[in-house]
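Asks: Listed below, chain by chain, are the residues.
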Amino acid sequence: MATTAQPLPGTGVTDVGQTAPPPPEGALIRNLRTIGMVWKREIIRFRRTPARIVSGLAQPILFLFVLGAGIKPLVGQNSAGGVDYQQFILPGVMAMSVLFSSLFSAISIVWDREFGFLREMLVAPVSRAGLVLGKAAGSGTVAAGQGLILLIAAPIVGVHLDALQIIEVIPLLMLLAFALTAFGIVIASRMQRMESFQMVMGLVVNPMLFLSGAIFPLAGLATWLAVVTRLNPATYGIDPIRRVMLGEHDAAPLTINGWVVPIWTEVLIVLTLGIAMLALAVRSFQKTE
Amino acid sequence: MVATNGTNGAVEVDGLVKRFGDFTAVDGISFSVEPGELFGFLGPNGAGKTTTISVLCTLLHPTDGVARVAGHDVLRARNEVRSNIGLVFQEVTLDDYLTGEENLRFHAVLYGLHGSEIKRRMDPLLDMVGLTDWASQQARFYSGGMKRRLEIARGLLHTPRVLFLDEPTIGLDPQTRVHIWDYVDELRVRESTTMFLTTHYMDEAERCDRIAIIDRGRIVAIDSPGALKASVGVDTVTIETADDATAREEIARGLGVEGEVLDEGEGLRLRVPDGESFVPRMFEHLTVGVRNVNVRRPSLDDVFIQYTGRDMRDAEAGAGDQLRANPMVRGFRRG
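Chains A and B, in that order, are what the protein sequence lines are. If you read the first sequence in my numbering, its first letter stands for residue 1, the second for the next number, and so on. If you read the second sequence in my numbering, its first letter stands for residue 1001, the second for the next number, and so on.
Incorrect hints may appear among the rest.
Simulated pairs of lysine-lysine, BS3-like, Cα-Cα distance not exceeding 30 Å [as the list claims (entries may be wrong)]:
(1) K1119/B to K40/A
(2) K1147/B to K1119/B
(3) K1147/B to K40/A
Residues of chain B placed beyond 12 Å of chain A at every Cβ, according to the derived structure [to be verified]:
(4) G1015
(5) T1024
(6) D1073
(7) D1095
(8) E1102
(9) S1143
(10) G1265
(11) V1290
(12) R1297
Keep in mind the hints are simulated off the structure, nothing from the lab. For glycine and all other residues, C-beta sits at the position ideal for the given N, C-alpha and C.
Please put together the full structure from these sequences, using the hints given.
Replies: Encoded structure:
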């Protein structure tokens, strides 16, 4: 749905802010401005809700420093690849942070609907695609940031990263955040009330997390578990992050039936699913009724 | 007075029908609103007001008929319609975590304003609604009246040709309502914006140039408030007497008018075609002492009752539920 930019019509007698109509601009510029504004709103809202930042970090920190520290002696030094359990779980915990944050912030669309702000956006003369892309970009940025900030914990648990590793991790986290946000927007477009959020957490977010390889290695599992974990898209988002952070050899890369899945394949899977979700999200917001 | 089939109207509706499954919410209505007019759209809940507004704002597709806003078809030229309308909804649609200014900027960008133009347009509007000093505060710290004023400023930011005010003062205290109307009046003078108003308050309806009353999806009356009141043709005479029951009997016997004795000694109420000439004739037949006589011309309330069978204020209850039942806003996808 293309937006045709047009000069704003004057209303005849006007002395409030009497201005010449703005020069006509292309639909692309107009859409980019919309995306930028919706993105900015997400960032502003995030900055103004410190409680959300803190609670977003609480769970990953519990996993890393309580669960991780507690289980570490149990599994020994070399049980999870060549690293200890806390080191193993760090990339998983970062991905977990991204997972919670993306879905939560995408689902805030339901909030916007309940509080009317969604209508303010939907009656604007802009394309739905612009609104959805802006939302995905904004929520994705916030979520990627929530994951990245946990890199601070890396030296504490003994994961030492060089600059190249960090540069590689950033786009991988952003990719995961973007795909999950798009998925969250699709859920939100089908959700009527915020009360359903608990259900989404229980039926979607938690299974996605537990079956993803975020908290245990995916090698040597019972067949059914091996199958389910490989059907979970989140698996392909988390595995490359771990391989980059811990090094290919220490991290026991994801295998399907003995075949080591290349990182680029994993990236392609997540990217494809993310784009498909985004297209679905745009579609569901284009239907006016 | 009004072009019913011209092409210059700010809003032109012809044979508009909107059905939800088997339910017909709007049943073939036609009307037009002239540029610069303050047009009142009244009706009981569920009469089709909100559905009509939703169609005019491009939030719902019409099932049948044609609707044009600012000269653009609501179905075929949705973005042109959207660019030319401003909306103030009955419930607040601000982002609470954005400041007043950020809310306006968000709106401005979505409506194609950019650069220094935003400020040029925004500052006088903030000044007009008296929120300049509050512009950098988050909207969640605003009172209900301030939020509504910010929404009015926002609705005007992109210089719309038609401003839809859907119960703009519902839930606000009387003083704030007066202020809001001062702003609206000022706007009409300064920007000559066409206003499309729904309200349940009689005094607000009185301000309109013309009123349409919609009931069960059809327009049952459309005219100026004065002409509508004249069409009712019944004055209300209320008298307080030493003995209301006796007075009632005497008037019924002498003039053939059946009065109604009000509770708690509030007097006797009579509905007659010409109250002022009725009063002297009434005195000829009364033997009981009269303390007080009040003759009232028909009000819009009487008009509303006559055409819809309901009181305007009764109709107010639960008005907030209406837009929420709007399938678009709730996100349903009905056939």
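Asks: Is it the case that T1024/B keeps its Cβ farther than 12 Å from each residue Cβ in chain A?
Replies: holds (16 Å)
Asks: Take a quick look at whether K1147/B and K40/A sit within 30 Å of each other, Cα to Cα.
Replies: Answer holds: K1147/B to K40/A is near 22 Å, not above 30 Å.
Asks: Hint check: K1147/B vs K1119/B, CA-CA at most 30 Å. Holds or violated?
Replies: Measuring from Cα to Cα gives roughly 20 Å; hence the hint holds.
Asks: Is the Cβ of G1265/B more than 12 Å away from each Cβ in chain A?
Replies: holds (47 Å)
Asks: Check the non-interface label on D1073/B: least C-beta distance to chain A beyond 12 Å or not.
Replies: At roughly 14 Å from the nearest Cβ of chain A, D1073/B sits farther out than 12 Å, so the non-interface label holds.
Asks: Does D1095/B really sit off the interface, with its C-beta more than 12 Å from all C-beta atoms of chain A?
Replies: Violated, because the least Cβ-Cβ distance between D1095/B and chain A comes to about 5 Å, which does not exceed 12 Å.
Asks: Grab the minimum beta-carbon distance between G1015/B and chain A and tell me whether it stays above 12 Å.
Replies: Answer for G1015/B: holds, closest chain A Cβ roughly 20 Å.
Asks: Compute the least Cβ-Cβ separation between E1102/B and chain A, then decide whether it is above 12 Å.
Replies: Check fails; 7 Å does not lie beyond 12 Å.
Asks: Any Cβ of chain A at or closer than 12 Å to V1290/B, or is the non-interface label fine?
Replies: holds (53 Å)
Asks: Please verify that the nearest CB of chain A lies beyond 12 Å from R1297/B's CB.
Replies: Nearest chain A Cβ is 35 Å from R1297/B, so the label holds.
Asks: Holds or violated: are the alpha carbons of K1119/B and K40/A at most 30 Å from each other?
Replies: Holds, at about 18 Å.
Asks: Are all beta-carbon distances from S1143/B to chain A longer than 12 Å?
Replies: holds (17 Å)
Of the numbered hints stated above, those contradicted by the structure are hints 7, 8, listed in ascending order.
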